[in-house]
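K.L.:
Each chain, written out:
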Amino acid sequence: MEIAFWLATLAPFVVTPSYLSLASQIAITALFALSLDLILGYAGIVSLGHAAYFGFGAYTAGLLSKHYFGEPLTGLVLGAAAAGLLGYLTSHVIVRFRHLALIMLTLGLGLLLAEAANSASWLTGGADGLQGVKMAPLLGFKFDLYGRTAYAYSLAVLFLLFLVARRIIHSPFGLALRGIRENATRMPAIGAPSLAHLRKVYTIAAVIAGAAGALLTQTTSTVSLEVLSFGRSADALVILILGGAGRLYGGIIGAVVYMVARDQFSGLNPQYWYFWIGVLLVAVVMFLPNGILGGLSALRKKPQ
Amino acid sequence: MLFDGFAYGMLLFLLSVGLSVTLGMMNFVNLAHCSFAMIGGYVTVSLANRYGWPFLATLPVAFLGAAAAAVILERTLYRRLYRASDLDQCLLTIGIVFISVAAYAWFYGTVVQSTPMPSYLRGSVPFLGMSFAAYRLFLIAMGLAVATLLILMLETTRFGARVRAAVDNQKMARGLGIDVDRAFMITFALGGGLAGLGGALAIEMVGLDHAFALNYLVYVLIVVAVGGLGSIGGSFAAAVVLGVSDMAGKYYFPWLGAFLIYLVMVALLMWRPVGLFGKR
Chain Y
1 MEIAFWLATL
11 APFVVTPSYL
21 SLASQIAITA
31 LFALSLDLIL
41 GYAGIVSLGH
51 AAYFGFGAYT
61 AGLLSKHYFG
71 EPLTGLVLGA
81 AAAGLLGYLT
91 SHVIVRFRHL
101 ALIMLTLGLG
111 LLLAEAANSA
121 SWLTGGADGL
131 QGVKMAPLLG
141 FKFDLYGRTA
151 YAYSLAVLFL
161 LFLVARRIIH
171 SPFGLALRGI
181 RENATRMPAI
191 GAPSLAHLRK
201 VYTIAAVIAG
211 AAGALLTQTT
221 STVSLEVLSF
231 GRSADALVIL
241 ILGGAGRLYG
251 GIIGAVVYMV
261 ARDQFSGLNP
271 QYWYFWIGVL
281 LVAVVMFLPN
291 GILGGLSALR
301 KKPQ
Chain E
1 MLFDGFAYGM
11 LLFLLSVGLS
21 VTLGMMNFVN
31 LAHCSFAMIG
41 GYVTVSLANR
51 YGWPFLATLP
61 VAFLGAAAAA
71 VILERTLYRR
81 LYRASDLDQC
91 LLTIGIVFIS
101 VAAYAWFYGT
111 VVQSTPMPSY
121 LRGSVPFLGM
131 SFAAYRLFLI
141 AMGLAVATLL
151 ILMLETTRFG
161 ARVRAAVDNQ
171 KMARGLGIDV
181 DRAFMITFAL
191 GGGLAGLGGA
201 LAIEMVGLDH
211 AFALNYLVYV
221 LIVVAVGGLG
231 SIGGSFAAAV
241 VLGVSDMAGK
251 YYFPWLGAFL
261 IYLVMVALLM
271 WRPVGLFGKR
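Chains as they are written, first to last, in this note's numbering: chain Y, 1 to 304; chain E, 1 to 280.
Think of the hints as simulated: they come from the structure by calculation, not from any bench. Incorrect hints may appear among the rest.
To be verified - Where chain Y lies over chain E, by a calculated footprint (3+ residues, C-beta under 8 Å):
#1 90-104
#2 137-148
#3 182-190
What the hints assert, rightly or not - Reference listing, derived: stretches of chain Y covered by chain E, where coverage requires no fewer than 3 residues with Cβ under 8 Å from a Cβ of chain E:
#4 112-118
#5 234-248
A virtual CB, placed ideally from N, CA and C, is assigned to each residue, including glycine.
Modelling step: build the complete structure from the supplied sequences, incorporating the hints.
P.N.:
Structural data, given as structure tokens:
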């Protein structure tokens with residue numbers, strides 16, 4: 001099943017070559033949703049400002065290639081590392097809070113960073129976006145107009161980081177995280193350092209989000225303020241909930257459904273696109289609490 | 001400027017006080033609170049512009065319309081999620097925000113709405129050698145009146161005592177035979193209605209467009225989180241501080257944008273996660 005799924009991700013090269021740039025967008029969005037899944041689905045940290053790390057990685061990669069060198073892999077690693085550093089620093093604050101204070105803090109930190117990037121237009125280009133990002137070829141392959149390199153690159157990174165995430169989830173550390181999600185006071189009582197675990201997973205998620213942001217910069221050669229926006233955080237949340245939070249494939253399935261639907265409806269005014277997103281959210285919360293994947297596995301169990 | 005900030009703070013107080021009480025009482029993260037404000041705003045716009053009602057006469061209708069919508073939503077959707085996680089509540093209410101934003105864009109377009117003001121609310125009132133905008137004076141009077149009424153109601157009436165009991169300890173209140181569900185429904189209607197009133201009053205002060213529910217969500221949440229859940233005095237203080245500092249920020253450091261506000265909020269929350277006047 002899993003192998004078939006990953007083989008199917010190669011299909012766009014053959015079946016829909018004109019949609020490769022959309023496919024790489026999907027892969028990047030899926031990676032971002034995966035990082036949110038680690039903290040939200042597994043560790044139970046509700047975040048409305050996860051785009052902060054995505055955007056930080058994106059701007060780091062963009063500024064690196066604009067001012068220093070355009071080599072993509074180093075840029076990816078540095079972008080992810082920078083986002084990870086930011087994640088580590090903020091995690092000390094984030095993990096101490098729950099409920100409304102947590103939601104407000106993540107929202108506040110995200111908005112803070114977005115405002116900072118908007119104000120510092122000498123560095124980031126402000127509302128016009130960062131211009132002049134030039135990417136060098138990746139391992140000898142140029143980033144072409146059709147997005148073949150871009151998709152192969154995004155997919156490879158998604159696959160690798162997915163394997164990392166899966167390893168984490170199935171490790172004792174991953175089990176401890178789920179324990180903390182279920183009962184945050186009992187876990188320290190049985191000897192699990194709850195706050196340290198949460199800090200660790202928050203940093204890991206920030207690294208992955210930063211990598212996704214760097215990928216977006218490198219495959220599109222621009223950075224706009226949108227990478228830090230509340231909309232991006234909310235989209236990731238919607239995608240994850242749609243696919244099924246707390247499941248490894250939730251973010252990926254959600255990203256495929258969401259992005260393809262948005263592409264199909266892109267002729268519509270974005271206002272009305274959000275109307276359907278709203279309806280979808282209400283419906284998922286009311287009728288499909290575990291997302292598409294949760295609904296499917298419930299269907300499979302019922303006949304028995 | 002202090003005066004403008006204070007008027008703005010009063011507006012924020014009207015918009016957010018309902019959310020503060022309902023959040024404190026039921027722990028329900030209602031991000032769609034500003035959608036109720038939009039209902040009030042659009043009721044006023046429709047009545048004043050299409051049917052030529054005087055502005056003041058539309059205000060009670062705005063209050064009632066938003067309160068009715070709040071009760072309907074509470075009965076049909078919110079009620080089922082009281083025991084759900086924060087995340088589910090957030091998602092449901094954000095979904096409602098998206099729906100309402102799109103619906104208003106559909107019915108009223110994306111232009112900023114305005115409504116004719118009666119002559120006595122236009123212009124300015126000279127006082128002690130300075131002139132004050134009449135509408136802002138009116139806004140401040142409304143804010144103070146609502147705050148006084150609410151505090152009196154909560155402190156002196158039997159219903160107020162029930163609400164306070166339910167905010168402080170819901171289980172205990174139930175145990176004492178207080179119908180918490182009913183108290184909550186009435187409070188919810190009241191909160192929604194006040195938001196509707198705030199929305200109607202906001203038209204003249206900050207403008208009303210289809211994205212109002214999203215744009216003011218952050219401000220309202222800041223007021224609630226900083227002021228402390230379930231505390232009317234806290235909301236009042238937080239709204240005034242936020243209104244004045246936002247105006248001051250825009251006046252003295254325009255290049256910082258909203259940066260200052262977010263910084264203050266994050267710092268305050270790190271210092272006191274339950275808000276300035278919160279008990280829990």
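K.L.:
Which hints from the list above does the structure break, by number from lowest to highest?
P.N.:
2 and 3
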